[in-house]
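Peer 1: Residue numbers (this note's numbering), protein chains in the order written: chain A, 1 to 263; chain B, 1 to 202.
Take the hints with a grain of salt, since some may be wrong.
[What the hints assert, rightly or not] With a straight-line cut-off of 20 Å between C-alpha atoms, the simulated SDA-like cross-links for lysine to any residue are:
| id | chain 1 | residue 1 | chain 2 | residue 2 |
| --- | --- | --- | --- | --- |
| 1 | B | 100 | A | 200 |
| 2 | B | 54 | B | 114 |
| 3 | B | 28 | A | 76 |
| 4 | B | 33 | A | 76 |
| 5 | B | 28 | A | 128 |
| 6 | A | 248 | B | 2 |
| 7 | A | 99 | B | 33 |
| 8 | B | 89 | B | 106 |
| 9 | A | 99 | B | 54 |
| 10 | A | 123 | B | 55 |
| 11 | A | 99 | B | 55 |
| 12 | B | 28 | A | 74 |
| 13 | A | 123 | B | 69 |
| 14 | A | 248 | B | 3 |
| 15 | A | 185 | A | 200 |
| 16 | A | 33 | A | 162 |
| 17 | A | 123 | B | 54 |
| 18 | B | 54 | A | 75 |
| 19 | B | 69 | B | 100 |
| 20 | A | 205 | A | 76 |
| 21 | B | 54 | A | 122 |
| 22 | A | 123 | B | 16 |
| 23 | A | 99 | B | 27 |
| 24 | A | 99 | B | 62 |
| 25 | B | 54 | A | 126 |
| 26 | B | 33 | A | 128 |
| 27 | B | 43 | A | 70 |
| 28 | B | 54 | B | 27 |
Everything labelled a hint here was simulated from the structure, so no lab data went into it.
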Amino acid sequence: MPAQQQNQSPKQPEPSSDNTTHFGYKTIDKEDKVPMVAGVFHSVAKQYDVMNDLMSFGIHRLWKRFTIDASGVRPGNSVLDLAGGTGDLTAKFSQLVGKDGKVVLADINSSMLNVGRDKLRDKGLVQNIKYVQANAQYLPFEDNTFDIVTIAFGLRNVTDQDMALRSIYRVLKPGGRLLILEFSKPEHELLNKAYDFYSFNILPKMGELVAKDGDSYQYLAESIRMHPNQETLKSMMDNAGFEQTSFKNLTGGVVALHKGYKF
Amino acid sequence: MLQQVFTASIELLINKVLALNTEKIDLKKLEQKTLSIFLSELKFPISLTINANKILVSGLTENVDCTVKTSIKTLQVLKAEQQLTELIKQNKLDLTGDIKVAQQFMQLAESLNIDWQSELASHIGDVPTHKLMQLGKRVAGKLQFASKQIKADASEYLVHEQRLVVTRSELEAFNQQVSQVSKHVDNISTRLDALTKGYSNT
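When you get a sec, could you build the whole thing from the sequences and use the hints?
Peer 2: This is how it looks when you write it as structure tokens:
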């Protein structure tokens with residue numbers, strides 16, 4: 001992607017035809033997205049946590065804490081941490097639901113799942129965690145299974161996000177809630193410009209330096225720009241059947257936490 | 001996200017302190033119990049949950065076992081279990097939920113006994129620790145003395161030199177005089193009423 005094009009103001013997804021979708025700024029066949037995203041995450045899995053800390057200056061830990069606080073989780077709950085990656089949310093949920101509860105760490109990518117499993121086992125968290133390799137669009141769980149479903153920094157990588165939301169809705173119990181933590185659109189123009197500069201000029205270089213993979217972090221920056229903004233995602237949740245949907249901007253809208261209930 | 005910064009820091013601190021305790025603390029009695037504290041000085045709650053001998057700190061407030069609403073000042077004086085009911089009666093503390101959970105958390109706080117000296121010695125050695133402790137004691141003593149001295153000097157300056165503030169005895173004498181004047185006024189008022197009544201009857 002030429003530098004000039006990279007620094008354009010954030011794009012919003014244009015309607016794609018039935019058979020195409022976005023991979024960053026590229027338009028690709030839908031069936032190609034899963035292996036291409038898989039390639040990105042196979043490549044960065046081992047350095048994922050280090051890069052998260054570096055890229056967000058550690059703030060991702062606070063965003064995740066905010067998500068936990070908003071989840072209303074309690075002992076005995078069943079939680080699905082979708083696209084759970086290296087298990088940051090799973091670790092906290094596992095402690096909060098206790099031995100009577102259950103947390104399923106699901107990710108489509110086996111490398112991420114392996115890193116997550118090793119990390120959680122090293123922390124001594126084994127009792128109530130299950131690991132499932134799953135595609136968010138076709139969740140392999142029975143209807144009405146979970147009290148809480150979270151998906152943190154994962155939805156934008158899903159090929160058909162509407163389908164994934166419907167799938168999540170199906171596996172939630174009535175009264176259950178979905179929390180989507182995802183990069184979003186900064187509220188202020190100045191922050192937006194600074195964020196653009198950082199994402200397209202500094203982030204890929206950091207990726208090149210630390211994870212030896214600048215392209216994956218170029219994809220990260222592009223996929224963030226292509227992800228629906230706060231209001232669009234909220235209406236997508238409404239369309240999937242969620243009720244009382246709302247969102248809360250964090251760090252000036254760099255990230256937003258969307259919440260919706262199934263009644 | 002100030003709340004998350006705060007809870008993350010508190011969690012780290014509490015678990016470090018627990019790890020330093022001289023005797024291993026058994027938290028099994030409180031496993032999966034949550035105490036939520038609302039301090040009047042803070043805009044957000046602090047919830048403490050016990051899990052696997054660790055304390056998790058969060059902002060979760062739904063379905064907690066016990067909720068305490070109080071102030072930092074009251075928390076500082078809250079040392080014995082018996083004080084709980086006294087403070088509730090004095091409206092300094094509001095408790096809802098299982099009182100046992102609050103009591104057990106208090107017992108936990110009371111049972112903390114950390115040997116800071118030996119902890120420090122394990123990091124920097126015995127002699128430097130001894131010297132550092134002595135220096136600390138001396139500095140603390142001097143600070144205490146200096147604080148007392150400053151208070152006394154300030155009081156002397158304000159009361160006797162500048163006469164901006166009156167002494168306690170002067171204030172008491174003034175109050176006594178005010179009471180006497182008030183009594184006199186009452187007597188005169190009663191007498192005037194009686195005279196007015198007598199005059200109107202004639």
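Peer 1: Check the structure against each numbered hint from earlier and tell me which ones fail, lowest number first.
Peer 2: 1, 13, 20
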